[in-house]
Amino acid sequence: MDKEKLYIKSFCQISNQEVCLNDELIFRSIESDFNVFAKEIYQKFEIQYPKFHKMDALCKLAFLSSEFVLNQNYNSETAIILANHSSSLDTDVKHQKTIKNQENYYPSPAVFVYTLPNITIGEISIRHQLKSESAFFVDEDYPIELIHQQAEYLIKSGKTTQVLCGWTEYFQNNYQAFVYLVGKEGNVPLESKFIKERIINK
Amino acid sequence: MRNVFIQESNLVSPLGFNLDENWNSLLANQTGISKINSLGNFKDFYAARIDDVQLDLMLNKDFVGLETSRIEKLLTLVLLPLIKDRINEQTILILSTTKGNVNALQNNLNEAFLSILANQIKNKFKFFTQPIIVSNACTSGILAVNVAKRLLQMNKAENAFVIAVDELTEFVVSGFNAFQAMSNEICKPYDLHRKGVNLGEAAAVMYLTNFTEENGLNYKILGEGNINDANHISGPSRTGEGLFLSINSAFKEAKISAKEIDYISAHGTATIYNDEMEAIAFNRLGLEDVETNSLKAFYGHTLGASGLLELALACKQMQENTLIKSLGFEENGVSESLNILTQNQVKEVNIILKTASGFGGTNAAIIVSKNG
Amino acid sequence: MENLIEELKHKIVEVLNLEDINVEDIDAKDPLFGDGLGLDSIDALELIVLLDKDYGIKISDPKQGKTIFQSIETMAQYVTDNRTK
Chain A
1150 MDKEKLYIKS FCQISNQEVC LNDELIFRSI ESDFNVFAKE IYQKFEIQYP KFHKMDALCK
1210 LAFLSSEFVL NQNYNSETAI ILANHSSSLD TDVKHQKTIK NQENYYPSPA VFVYTLPNIT
1270 IGEISIRHQL KSESAFFVDE DYPIELIHQQ AEYLIKSGKT TQVLCGWTEY FQNNYQAFVY
1330 LVGKEGNVPL ESKFIKERII NK
Chain B
12 MRNVFIQESN LVSPLGFNLD ENWNSLLANQ TGISKINSLG NFKDFYAARI DDVQLDLMLN
72 KDFVGLETSR IEKLLTLVLL PLIKDRINEQ TILILSTTKG NVNALQNNLN EAFLSILANQ
132 IKNKFKFFTQ PIIVSNACTS GILAVNVAKR LLQMNKAENA FVIAVDELTE FVVSGFNAFQ
192 AMSNEICKPY DLHRKGVNLG EAAAVMYLTN FTEENGLNYK ILGEGNINDA NHISGPSRTG
252 EGLFLSINSA FKEAKISAKE IDYISAHGTA TIYNDEMEAI AFNRLGLEDV ETNSLKAFYG
312 HTLGASGLLE LALACKQMQE NTLIKSLGFE ENGVSESLNI LTQNQVKEVN IILKTASGFG
372 GTNAAIIVSK NG
Chain C
27 MENLIEELKH KIVEVLNLED INVEDIDAKD PLFGDGLGLD SIDALELIVL LDKDYGIKIS
87 DPKQGKTIFQ SIETMAQYVT DNRTK
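Protein chains in written order, with the numbering used here: chain A, 1150 to 1351; chain B, 12 to 383; chain C, 27 to 111.
If you are wondering where the hints come from, they were derived from the structure by calculation, not from laboratory data.
These numbers were taken from a predicted model, which means no experiment stands behind them.
One thing to keep in mind: the hints can contain errors.
Claimed, not checked - One side of the interface only, derived from the structure: several residues of chain B facing chain A at Cβ under 8 Å:
id, residue
1, Asn29
2, Val113
3, Leu125
4, Leu154
5, Ile244
6, Glu252
7, Val357
8, Asn361
9, Ile362
Glycine included, every Cβ here is placed at the ideal spot set by N, Cα and C.
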């Protein structure tokens, strides 16, 4: 293995009512509503993490996609770099609704806390006890080069040995997650082409 | 890896429309927080707000159209003086913000997407590269600088503009209110009687290079870290774990120890938990005797702007060898004491530490040196 | 007060998204925080919003929450004594 090269150790996709792990379909649903679909995945794989039900849709998406990848390759220093297009707008809209009418003005702390996209990282970190480097980026399309450069920096500088990277996009029932674990070893060389073939851009 | 330098900064805030105006206000210990009569459904609360009449007067009308959102105006105003002839084909543009143009949710959802705002700035100033947007709660400002620093270290570009902004909005005020996190008076970081935050708004910019400039500050970034607590999504770790690890990582990269830090610009939001957590983390690292302040009683908590605003002012304090009083602090209210500045102080400052923490368990630290 | 206790049990499970918990399994005397239902700080704030929204009770000092939210029973008593809706 080339010491300078980076590899993908494992990857998971959640889109179109399907969950794929390392390109293998592991779950399919007829359910088009994401929240119901997410609950099905949670129950099918017996995840047992009650906090899951408090999460907003974006966090559920990020949580589930990273669950499959991290379970196989756990390392307490795994850094996390995620990105999406809509930030936390889906939940932002919900919070906005609670402050629209003076007569019915009841903003909810449980909703408001999810009006930040990096809460996805917080939830994953807590679940897997990852006290590690992390960052959340926003862009129209998945910024492959930026993410890979950050991952490369973190590994080459010795700040970590593996990085969970990925696109976790959710907005009003349109969702797509593609997350992958990057490190110095693995079967798949880290190349933009591999990622582009699996992320559906606008 | 190349060295990365902070060359210049600028600020737009309730305390001034450029860095010098802000500095003079700080020297005079003048706060930008006042009682806001009304913001949507909120009446009579303390926050820091930029005066719209003054803002309008400052704007170059050739550069700003009628349709320009207020948030875009703030970014334009702060960035314009630093552009000069610095933009080349690789020049990086990074935007740090938590909510961007969230006010747009009231009438045009599409305008609330962060990439719209970033592209507006890119196009207005004619950057060539795709803007990078960091949205990582209240550590965004420092994280954005750290991201830029890494790219410049790896020579992906020679220079970068890091811009940061957040507005005072009913969206955010209502949320902090639901968290019962807001104080009903000017906030008191680290103080025994602290009751919570004041919110604020500001725009900031910092120009970074991986080469030295003849007339620039040439302040070198020695090290950084951005480590998560992995504890709770809204409350900080009681042992300050993530902050401890972030600062430690920065020390390790900088190859320095606590005793070389001359000044700490801390996060100090004035909530019971945040300030206590910082005190514990700083003590664990042997930083309890280092002159420390929080600027939150001057600016309020400016969220996505706070890390950059406060880092710019940390560099200014270093440049002037003058540390600013930690406004709002009277009596120690944290279990492990810190050396909180009780008045302005002249001191030779060569190495500074800036830290921040935020929702999601995020933390960030950066160490900057005057002398390379 | 029995009806109110049942009502509160349902509301808490719904508002706090306690999907893995059955209403029938909750005892009115069970501690809500710590052991028992294991609610956290955000849940406590949500309960304060619930009291305001559904019963017209405003709690200005979150520290009061410790006594009010000790159990569903103490909550029901507080609501009975202070509701304006």
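Right, here's what the structure says about each hint:
1. Asn29: With a minimum Cβ separation of about 28 Å from chain A (threshold 8 Å), the hint on Asn29 of chain B is violated.
2. Val113: 7 Å, holds
3. Leu125: Since the shortest Cβ distance to chain A is 5 Å, the answer is holds.
4. Leu154: With a closest approach of 6 Å, the Leu154 of chain B hint holds.
5. Ile244: 5 Å, holds
6. Glu252: This hint holds: Glu252 of chain B lies near chain A, its Cβ roughly 6 Å from the closest one there, short of 8 Å.
7. Val357: Status violated, d = 37 Å.
8. Asn361: Constraint on Asn361 of chain B not satisfied, violated at 24 Å.
9. Ile362: 20 Å, violated
Consistency with the previously given hints fails for numbers 1, 7, 8 and 9, ordered from lowest to highest.
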